[in-house]
Amino acid sequence: MNLPSVSNEKKTSEVAVSVRGLGLTYTTSIERRPTIKARAKSLGRGKKHTRVIQALNNVNLDVDYGHVLGVIGSNGAGKSSMMRVIAGIIPPTQGRIEVFGSVSTLLALGVGFNPSMSGRDNVLLGGLAAGMTRDQIEDRFDEIADFSELGDAIDAPMRTYSSGMYSRLAFSVAATVRPDILIVDEALSTGDAKFKEKSLNRIKELRSDDRALIIVSHAMGTLREICNDIAWLNKGVLVQRGEPNATIDAYQDFLQVKRSAASDEDV
Amino acid sequence: MNSSIQTPTQVYVPFRAGLPPLIGYWKSLWSRRTFIAEYSRSELRDKHFDSFFGQLWLILNPLLLSGVYFLLVVIIRGNSDSQRYVHLTATLFLFYLISNSLTGGVKAVTGGQRLILNTAFPRIMLPISAMVIALFKFFPTIVVFLIIRTLLGVPFVWQMLWAIPILLIAMILSLGLAITISCINVYFRDIASFLPYLTRTILYLSPVLYESSSLSNRVLRFEILNPLFPLLDSWSRVLVHGQAPQTSSMLIALAWAVVIFLIGSYIFLSREREFAVRL
Chain D
0 MNLPSVSNEK KTSEVAVSVR GLGLTYTTSI ERRPTIKARA KSLGRGKKHT RVIQALNNVN
60 LDVDYGHVLG VIGSNGAGKS SMMRVIAGII PPTQGRIEVF GSVSTLLALG VGFNPSMSGR
120 DNVLLGGLAA GMTRDQIEDR FDEIADFSEL GDAIDAPMRT YSSGMYSRLA FSVAATVRPD
180 ILIVDEALST GDAKFKEKSL NRIKELRSDD RALIIVSHAM GTLREICNDI AWLNKGVLVQ
240 RGEPNATIDA YQDFLQVKRS AASDEDV
Chain U
0 MNSSIQTPTQ VYVPFRAGLP PLIGYWKSLW SRRTFIAEYS RSELRDKHFD SFFGQLWLIL
60 NPLLLSGVYF LLVVIIRGNS DSQRYVHLTA TLFLFYLISN SLTGGVKAVT GGQRLILNTA
120 FPRIMLPISA MVIALFKFFP TIVVFLIIRT LLGVPFVWQM LWAIPILLIA MILSLGLAIT
180 ISCINVYFRD IASFLPYLTR TILYLSPVLY ESSSLSNRVL RFEILNPLFP LLDSWSRVLV
240 HGQAPQTSSM LIALAWAVVI FLIGSYIFLS REREFAVRL
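Note that the protein sequences, when read in sequence, are chains D and U. When you line the first sequence up against numbering that gives the first Met the number 0, it's residues 0 to 266, in that order. When you line the second sequence up against numbering that gives the first Met the number 0, it's residues 0 to 278, in that order.
Simulated from the structure, these hints should not be mistaken for lab results. Glycine included, each C-beta is placed from N, C-alpha and C at the ideal position. Please note that the accuracy of each hint is not assured.
Listed below are the simulated BS3-like cross-link pairs for lysine-lysine, each with C-alpha atoms no more than 27 Å apart in a straight line [claimed, not checked]:
#1 U:Lys-46 with U:Lys-106
#2 U:Lys-26 with U:Lys-106
#3 U:Lys-106 with D:Lys-36
#4 D:Lys-40 with U:Lys-106
#5 D:Lys-203 with D:Lys-193
Covered by chain D, per the in silico footprint, the following chain U stretches (three or more residues, Cβ under 8 Å) [claimed, not checked]:
#6 32-38
#7 111-123
#8 181-188
#9 247-253
#10 267-276
Hey, can you work out the whole structure from these sequences and the hints?
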């Protein structure tokens, strides 16, 4: 494996996240914006207002400390839903999730919830909401600002940010907080080539024996390089779990995509 | 280290309908209290209420409003006096505390969409912040009111201290309303468009543009249905007339505030775990 072989007896190969029989169904409204008006209009027509979605079905998954788990699957496979359940954002419908350690709940779009506030305020508020103290955030703030390469823009309202700047800041926060369990959702394939390289290096640095990483990505080349474990989800079901090359090959065969250079690149 | 790793730090299991474990919820809420303070502060800073002119606007806005309403009262009634103006400002400013909580609260949850989708935290922090913001906007107006009161020569008496428990009840009521409406807005997004009509109706049903003493007994009997009525009535009695409030008014006001707060919190807490998939 790619992991540094410095053995740290503390946590290595102890379980970080245990997912048992996870099922997730949720009802969501059919309309984008549920309104009284829409409800009143369809009154008496017996129209349904909600749709039940089976996002995950009996998923069993263990993530050990010292491991880097890549999660792959087509759009709508339930990858993000699973990350949100592990992070405690959505409660499971069935099963039991045990988390042994602190989870970075700052997923791809975690910061920037209020676009009219500056990047600095958003980082502070996001951190406070995640349960950090103000001192903890301020200690790391310079590192976050440096890594994101935003410069003076950190004090500008986030609505003035480009999408690249947005995700650079989001990644910087997630990667600087140094949790026991880091979840990176689709954040690898953002930013320009230079930042991509930099964030990839940061992920590699973050691999250590006392940390577990879960990475959701469509960038198969990157996953082959940094993961030592791949879980493939399809329509809410765990299809295959195992060694990166074999699992990714199986997934790509399934997609009937030849292992061409194009599909291996970060898309 | 090892032993702490053996027991899970977090366990997520399916939830049954109803409330989450309240002690754990409270602990998690209490540990994040700086968020509420910081969120309110940056929201106010964002609206430039930390600058001189921003502060001035916070004062000028209710003053102009009270001027407009006073004009209305003078025209409709044909005559007026300074006491009426004191009554109008006192009750209008308290009314705006409650109405600002409602208008701030309605978007509290839906506006925090990004945060809710990506972070696990007690969602009730968002409507609480909305109420705290309304409270911050209220404080300068109370200073203005005391100045107006002094200028118009209304004497200060110790009965005015009753304003403190009345304000506390108003805060409970505002909080309850913010929590309730923020939750309703998740399921009915157009409630925000109805809100101006709702607040306007409540304003006219409450003793702001008139005093409760000018109402007939027949109308007064129905005012028990208006949560704001006993509150604003006691507020005026205490701050304008310098009399102790009626016990019955205080009890009705408290009962309304507590009931709205408890019902709103129950609905919110039993629904909030679903917000992430509803946004």
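| said: Hinted pair, alpha-carbon criterion (27 Å max): Lys-40 (chain D), Lys-106 (chain U). Please report holds or violated. | reply: 24 Å, holds
| said: So is the stretch 32-38 of chain U in contact with chain D by the C-beta rule, three or more residues under 8 Å, or is the coverage claim wrong? | reply: holds (count 4)
| task | Mind taking a look at whether chain D covers the stretch 247-253 of chain U? Criterion is 3 or more residues with CB to CB distance under 8 Å. | result | Our answer is that it is violated, as 0 residues pass the Cβ test (under 8 Å) against chain D, missing three.
| Does Lys-106 (chain U) lie within 27 Å of Lys-46 (chain U) when you go C-alpha to C-alpha? | Since the Cα atoms of Lys-46 (chain U) and Lys-106 (chain U) sit roughly 16 Å apart, the hinted pair holds (cutoff 27 Å).
| message | Can you confirm whether chain D covers the stretch 181-188 of chain U, using C-beta to C-beta distances below 8 Å and requiring at least three such residues? | response | Since three or more residues must qualify, the claim that chain D covers the stretch 181-188 of chain U holds, with 3 doing so at under 8 Å.
| task | Could you grab the alpha-carbon distance between Lys-26 (chain U) and Lys-106 (chain U) and see if it respects the 27 Å cut-off? | result | Answer holds: Lys-26 (chain U) to Lys-106 (chain U) is near 25 Å, not above 27 Å.
| field | Proximity test - 8 Å, beta-carbon atoms, the stretch 267-276 of chain U to chain D, at least three hits | value | holds (count 4)
| request: Compare the distance between the alpha carbons of Lys-106 (chain U) and Lys-36 (chain D) with 27 Å, and conclude whether the hinted pair is satisfied. | output: 18 Å, holds
| request: Three residues minimum, CB to CB under 8 Å: does the stretch 111-123 of chain U make the cut for coverage by chain D? Let me know. | output: Result for this restraint: holds, n = 10.
| query | Holds or violated: are the alpha carbons of Lys-203 (chain D) and Lys-193 (chain D) at most 27 Å from each other? | reply | 16 Å, holds
The structure is inconsistent with hint 9 alone, although it conforms to all the rest.
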